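A.B. asks: What follows is each chain in one-letter form.
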Amino acid sequence: MYFNMLAMSFALRPSTKRADDRVLFATVCFAIGAIVGWPFSIIVSSPFVLEELFVLSGDKVSPSLMGKWIGARWIRMLGCVTLAAFLLVRPSTIRSPELTLV
Amino acid sequence: MFTIDSLAYGKLVLVPWNIVSYNVFGGEERGPDLYGTEPWSYYFLNLALNFNLVALLALASLPVLLITHTIDYKRLGLTRHGSDESSPYTILTLRLAPVYVWIGILTAQSHKEERFMYPIYPLLCFNAAVTVYLFRGWLETIYIKATASPYKVVFDHLSQIL
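From first to last, the protein sequence lines are chains A and B. Last residue of the first sequence: 206 in the numbering used here, with the numbers rising by one and none dropped. Last residue of the second sequence: 989 in the numbering used here, with the numbers rising by one and none dropped.
By construction, these hints were calculated from the structure, which means they are not laboratory data. It is possible that part of the hints are untrue.
To be verified - Take a look, some chain B residues computed to stay more than 10 angstroms from chain A by CB distance:
1) Ser868
2) Asn873
3) Ala887
4) Leu892
5) Ile894
6) Ile947
7) Gly964
8) Trp965
9) Lys972
What the hints assert, rightly or not - Which stretches of chain A does chain B cover? Using the computed rule of at least three CB atoms under 8 angstroms from a CB of chain B, they are:
10) 138-148
11) 152-159
What you are looking at is a predicted structure, and each value in this text was computed from that prediction instead of being measured. Note that the Cβ used here is the ideal one computed from N, Cα and C, for glycine as well.
Chain A on its own, in the form it takes in the complex (with noise of 0.2 angstroms):
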C-alpha cells in the first residue's frame, strides 16, 4: 500500500514542462496511496504540489505571461486532483436491504 504511491513517484522524475500526463499519473498514484492505504502519507506529496503550483520548473514564461501560467498550472492541478478523487472516492446511494451484509 504504502509502495504504491513512493515507487510510482516515478512521475516526479521529469520536470513541468507542459506535461500534463505526468501531472494526472503523479496525483493518482498519491491518491491511491493516501486514499487506499494510508491517508498521512499524502505529505510525501506535498513538495510536489508546491512545484506544480509555485515553481517554474522546466517552462520558460516571460515576467508578462507570468499571470496566465500560474492559472493554467492551478487549473490543471485542481483538475487532475478532481479526477483522482472522482475516481477513488465515489458516493454511493445504494439502500435496499437486500444489499445489506450484516
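Knowing the structure of chain A, use the given hints to seat chain B on it.
C.D. replies: For chain B alone, coordinates are given in the frame of chain A:
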C-alpha cells in the same frame, strides 16, 4: 471503495476520514499516544539500523547540494538558467525534500513506529544516489583544480574506479 466499506459497516462510513480523525483529534485517552511514545532519536537510529550508510547519505543530500552549488555549480547544467526559468537547484531541492518533510513531521509525533518510515524507503535510496553523484562531482572538480588539468572532464583509471 467507499461503497464497499459502507456496506460492510451497515452505515455510511469514510475510512480515511476516520483514520485522520482518530489519530489527529483523538485527545488524551484515545489517540496515538496510548500506544507508546518514543524519543526524537527513534527514527534516526532506526534508519541507521536498517539502511546503514545509505541513511547517512540520504540525510546528507541537501547539505551536499548546497556545497555543490558553491563549489561545483556546473554539475547540474553547463549553461546558466535564464531569468525566466527555474534554477536546476530549486528543482532538485524539491525532489529531495519529501524525505526531510516526512522524517520531520513524524519525529514531531510522540508515537513512533518503525513501519511509519516505510513510505519513504525508495526516496531514501534516491537521496543517497544523488549524494553519491554529487560527491563524485566534487572529487572531479578537486582533481581538476589540483592538477591544473586543461581537460574539463577527468577520464583516467582512477576516475573509473571511483
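A.B. asks: Take the hints in turn and mark each one as holding or not.
C.D. replies: Tested hints:
At roughly 21 angstroms, the least C-beta separation between serine 868 of chain B and chain A is larger than 10 angstroms, which holds for a residue marked as non-interface. At the 10 angstroms boundary, the C-beta of asparagine 873 of chain B stays outside the reach of chain A, the nearest C-beta of that chain being 16 angstroms off. Every beta carbon of chain A lies more than 10 angstroms from that of alanine 887 of chain B, the smallest distance being close to 18 angstroms; the non-interface claim holds. At the 10 angstroms boundary, the C-beta of leucine 892 of chain B stays outside the reach of chain A, the nearest C-beta of that chain being 14 angstroms off.
The Cβ of isoleucine 894 of chain B sits about 21 angstroms from the closest Cβ of chain A, beyond the 10 angstroms cut-off, so the non-interface label holds. Interface exclusion of isoleucine 947 of chain B from chain A breaks down, the closest Cβ pair being 7 angstroms apart, not more than 10 angstroms. Non-interface call for glycine 964 of chain B relative to chain A: holds, since the shortest CB-CB distance, roughly 19 angstroms, exceeds 10 angstroms. The beta carbon of tryptophan 965 of chain B sits about 23 angstroms from the closest Cβ of chain A, which is more than 10 angstroms, so the claim that it is off the interface holds.
For lysine 972 of chain B, the condition that its CB be more than 10 angstroms from all CB atoms of chain A holds, with the nearest at approximately 31 angstroms. Residue count for the region 138-148 of chain A with a Cβ under 8 angstroms from a Cβ of chain B: 9. That meets the three needed, and the coverage hint holds. Counting residues of the region 152-159 of chain A whose CB lies closer than 8 angstroms to any CB of chain B gives 4, which reaches the minimum of 3, so the coverage claim holds.
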